[in-house]
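A.B. asks: One letter stands for each residue in the lines below.
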Amino acid sequence: MSQFFEYLKMAVSNIKANKVRSFLTMLGIIIGIGSVILIMSLGNGIQGVISGELEGIASGQIVLYTYDSTGTYYITNDDIDAIVEEVDGIMAVNVYQGFEGSTVTRKGEFSVNGSGQMASYQYFSNTGLLKGRYFNEKEYLAGTPVCLIGEADAIRLFGSTDVIGMTIDMTPNWGNSVSFTIVGVEKEPENSMFGGGYDNTPVSLYFPMTVLTQIYGWEMDDYYQIYLMAEKDADTASITTQVVSLLERRHQCFGENIYQYESFNDIMSNINTVLNAVTMVISLVAAISLIVGGIGVMNIMLVSVTERTREIGIRKALGAKTGSIMMQFLSESAIITMIGGLIGILFGIGGASLAAKIISMVSPEMAFTPSVDIITVLATTMFSSAIGLFFGIYPAKKAAKLSPIEALRRN
Amino acid sequence: METLIEVKNLMKIYNPGENEVRALNDVSLTIMRGEFVAIIGQSGSGKSTFMNMLGCLDIPTSGSYFLNGKDVAGLSDDELSDIRNKEIGFIFQGFNLIPNLTALENVELPLIYRNVPAAKRHELSVASLTRVGLEHRMDHKPSEMSGGQQQRVAIARALAAAPPVILADEPTGNLDSASSKEIMQILRELYEEGRTVILITHDNKIAASAKRVIRVIDGKIVSDTNYGDGKSIEEIAKQIEEEGDKQAYV
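If you read the protein sequences in the order shown, they are chains A and B. With the first letter of the first sequence counted as 1, position 193 gets the number 193 in the working numbering; the numbers rise by one all the way through. With the first letter of the second sequence counted as 1, position 170 gets the number 1170 in the working numbering; the numbers rise by one all the way through.
Be aware that one or more of the hints could be misleading.
[What the hints assert, rightly or not] Straight-line C-alpha distance at most 30 Å; calculated DSS-like pairs for lysine-lysine:
| id | chain 1 | residue 1 | chain 2 | residue 2 |
| --- | --- | --- | --- | --- |
| 1 | B | Lys1008 | A | Lys321 |
| 2 | B | Lys1086 | B | Lys1220 |
| 3 | B | Lys1086 | A | Lys9 |
| 4 | B | Lys1120 | A | Lys321 |
| 5 | B | Lys1120 | A | Lys16 |
| 6 | A | Lys138 | A | Lys187 |
| 7 | A | Lys398 | B | Lys1086 |
| 8 | B | Lys1070 | A | Lys321 |
| 9 | A | Lys401 | B | Lys1086 |
| 10 | A | Lys9 | B | Lys1120 |
| 11 | A | Lys401 | B | Lys1141 |
| 12 | A | Lys16 | A | Lys401 |
| 13 | A | Lys397 | B | Lys1086 |
| 14 | A | Lys321 | B | Lys1086 |
| 15 | B | Lys1141 | A | Lys19 |
| 16 | A | Lys16 | B | Lys1141 |
| 17 | A | Lys397 | B | Lys1141 |
| 18 | B | Lys1141 | A | Lys398 |
| 19 | A | Lys321 | B | Lys1141 |
| 20 | B | Lys1141 | A | Lys9 |
| 21 | A | Lys401 | B | Lys1070 |
[Said to hold, decoys possible] To give a feel for the contact side, a few chain A residues facing chain B, derived at Cβ under 8 Å:
| id | residue |
| --- | --- |
| 22 | Asn14 |
| 23 | Arg315 |
| 24 | Ala320 |
| 25 | Thr322 |
| 26 | Leu408 |
Just so you know, the hints here were simulated from the structure itself, not pulled from any lab data. Glycine included, each C-beta is placed from N, C-alpha and C at the ideal position.
Work out the full structure: start from the sequences and follow the hints.
C.D. replies: Pasting the structure below:
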């Protein structure tokens, strides 16, 4: 063991004696490890941004739809009641039914996308209210014509967001006109990545779906798709299977794949899988640069062995065994690659946080936090040392095999 | 006196076959503990091959070699490393110090390979450097020292582990006459302290410091003269000259 420290000391003193060369040798490893770490942490950062984005919108949300070419299967109000009653872990169920129309204010004529929702709409709305309130169960059951409007649309229609209590006279493209009273103004989404509000897009209104009975003259009772919101930490996969089998039982269509679903948690995990794959591929490319760096280490160690043939001869004459010489040269290449690896890790982390700074300067609303887990750091450090050992073996063997007289004879 | 080195029928043949070279041809020799022996010969005489054999740097083609009671003729590389480390202190013509190590670190090397703990190693090396008068040069690198000083570091390195045999191969070959005198003085002192010194040289005057002179020609020992302690260096030098002239006519 004490011998081992001697070899480390020898290796360190030799690395110090050839500073420039040692640094150049390290450079390949620094770049390789640095880029692996950089890419990994940027990848984690992007993943964080995307999941943050989607989580705000739809974490726990499940879309259930009928996939039926004959058009005979719907989801009915009774189905919805049954789902709420029989399946645990569901916070809210919603359906929506849209219709198109127009309205005239003193700002001009606007086309309108009306969206009839259930009273559970508030659980599915992800932006929150700027003013007022959501419509309630009572208004839903009674079919009271109240509505919510977006911040930007309020300004387009009335030039202000102080619109609570104002009315919008809505003329649908088909059916009876309705006069909606505004009860709430919704905030715009935080970033406009999915946002709208352009001048020629229709104004969106959200109101109790039961109002559609007045417009169309009949009650809505058949939907192609419904939205489920799982309770926090509920198992969305199990909820979905339960709901699907409940619907199949009620409609007598077991195993026909008529009721299908999309869970946003599934979508999230799909996106993560894709991102991970991309990160892996880029990391693989970076790892190739690591191997190139390793070959650089081997190259320099070979030069070093040739240069120090006489030193090896002297050491052997003084009693160094094959193993001692081997250890000395192996420690040298391992230390070079390990130091290179550590510098690379620092560069990678530094580069990632620099990228984060630039991104936060360019678009401050994006929550981009690059991160790298300790396992990646440890694994890369081990990997770089392993590269040093692997690529150091051949030169070290070459050094250790030299015969002392041969080595002493050379200058 | 106790036998330290016993060589019997030692052969070293290079390129066995048609163009073989018998660098050592059936050499037998016994050296006692505490002797000061010079092995002399012209270049190509086989004395360097002999020195490599005695120093366990090379393996003989045939014959036996007992060093300090151990048969070393058939040992493996690593076993020979061990023998060199424990039994032999080398002094080379070209000093053979490691350039990026200090004098002290160079002297410590054989002790490192002998697993001597750091504190003890330091103590032995300092004592050894002090013995050759370099206690004020311990932290200097070889490039910062004169040839004579470098050779004294090499002697200190050979002494540090107190091996039974000091093997000096043309120790003054790269030195001016003042430094040569200094080095030979140290070797004579080592002999007087009771160490066994084997000196390999082509220079009769240098060989005259020894008490026993063995002449090698064409891989064979042609003369082996013990001059004893009575004679002065000059007298021995003269006799070596005469002996050499005689051999030249044979």
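A.B. asks: Please go over all the hints and tell whether each is borne out by the structure.
C.D. replies: Hint by hint, here is what the structure shows:
For the given pair, B/Lys1008 sits about 27 Å from A/Lys321 by alpha-carbon distance, which is consistent with the 30 Å threshold. Proposed proximity of B/Lys1086 and B/Lys1220 is supported: the alpha carbons are some 28 Å apart, at most 30 Å. Proximity of B/Lys1086 to A/Lys9 is assessed by CA-CA distance (about 23 Å); at most 30 Å being required, the pair is judged to hold. Proximity of B/Lys1120 to A/Lys321 is assessed by CA-CA distance (about 22 Å); at most 30 Å being required, the pair is judged to hold.
A distance of roughly 26 Å separates the Cα atoms of B/Lys1120 and A/Lys16; the hinted pair therefore holds under the 30 Å criterion. The straight-line distance between the Cα atoms of A/Lys138 and A/Lys187 is roughly 24 Å, inside the 30 Å bound, and the hint therefore holds. Our distance criterion of 30 Å between C-alpha atoms is met by A/Lys398 and B/Lys1086, whose separation comes to about 25 Å. For a cut-off of 30 Å, the pair hint linking B/Lys1070 to A/Lys321 stands: about 19 Å separates their Cα positions.
A distance of roughly 21 Å separates the Cα atoms of A/Lys401 and B/Lys1086; the hinted pair therefore holds under the 30 Å criterion. A hinted pair counts as satisfied when its Cα atoms are at most 30 Å apart, and A/Lys9 with B/Lys1120 qualifies at roughly 18 Å. A hinted pair counts as satisfied when its Cα atoms are at most 30 Å apart, and A/Lys401 with B/Lys1141 qualifies at roughly 28 Å. Only pairs whose Cα atoms come within 30 Å are accepted, and A/Lys16 paired with A/Lys401 is accepted, the gap being roughly 25 Å.
As the CA atoms of A/Lys397 and B/Lys1086 are separated by approximately 25 Å, the hinted pair is consistent with the 30 Å bound. A hinted pair counts as satisfied when its Cα atoms are at most 30 Å apart, and A/Lys321 with B/Lys1086 qualifies at roughly 13 Å. For the suggested pair B/Lys1141 and A/Lys19, the alpha carbons sit about 18 Å apart, so the restraint of at most 30 Å is met. For the hint linking A/Lys16 to B/Lys1141, the alpha-carbon distance of about 15 Å falls within 30 Å, and the restraint holds.
Straight-line distance between C-alpha atoms of A/Lys397 and B/Lys1141 comes to about 28 Å, which keeps the hinted pair within the 30 Å bound. For a cut-off of 30 Å, the pair hint linking B/Lys1141 to A/Lys398 stands: about 27 Å separates their Cα positions. About 25 Å separates the Cα atoms of A/Lys321 and B/Lys1141, which keeps this hinted pair within 30 Å; it holds. Among the hinted pairs, B/Lys1141 with A/Lys9 is consistent with the structure: their alpha-carbon atoms are about 17 Å apart, no more than 30 Å.
For a cut-off of 30 Å, the pair hint linking A/Lys401 to B/Lys1070 stands: about 25 Å separates their Cα positions. Contact between A/Asn14 and chain B, as hinted, is supported at the beta carbon level, the nearest pair being about 7 Å apart and thus within 8 Å. Taking 8 Å as the C-beta cut-off, the interface hint given for A/Arg315 holds, the closest approach to chain B being about 7 Å. At its closest, the beta carbon of A/Ala320 sits 5 Å from a beta carbon of chain B; the interface hint therefore holds under the 8 Å criterion.
Taken as an interface hint, A/Thr322 checks out: its beta carbon lies about 6 Å from the nearest beta carbon of chain B, inside 8 Å. Satisfaction of the interface hint for A/Leu408 is found here, the shortest Cβ-Cβ separation to chain B being roughly 7 Å, below the 8 Å cut-off.
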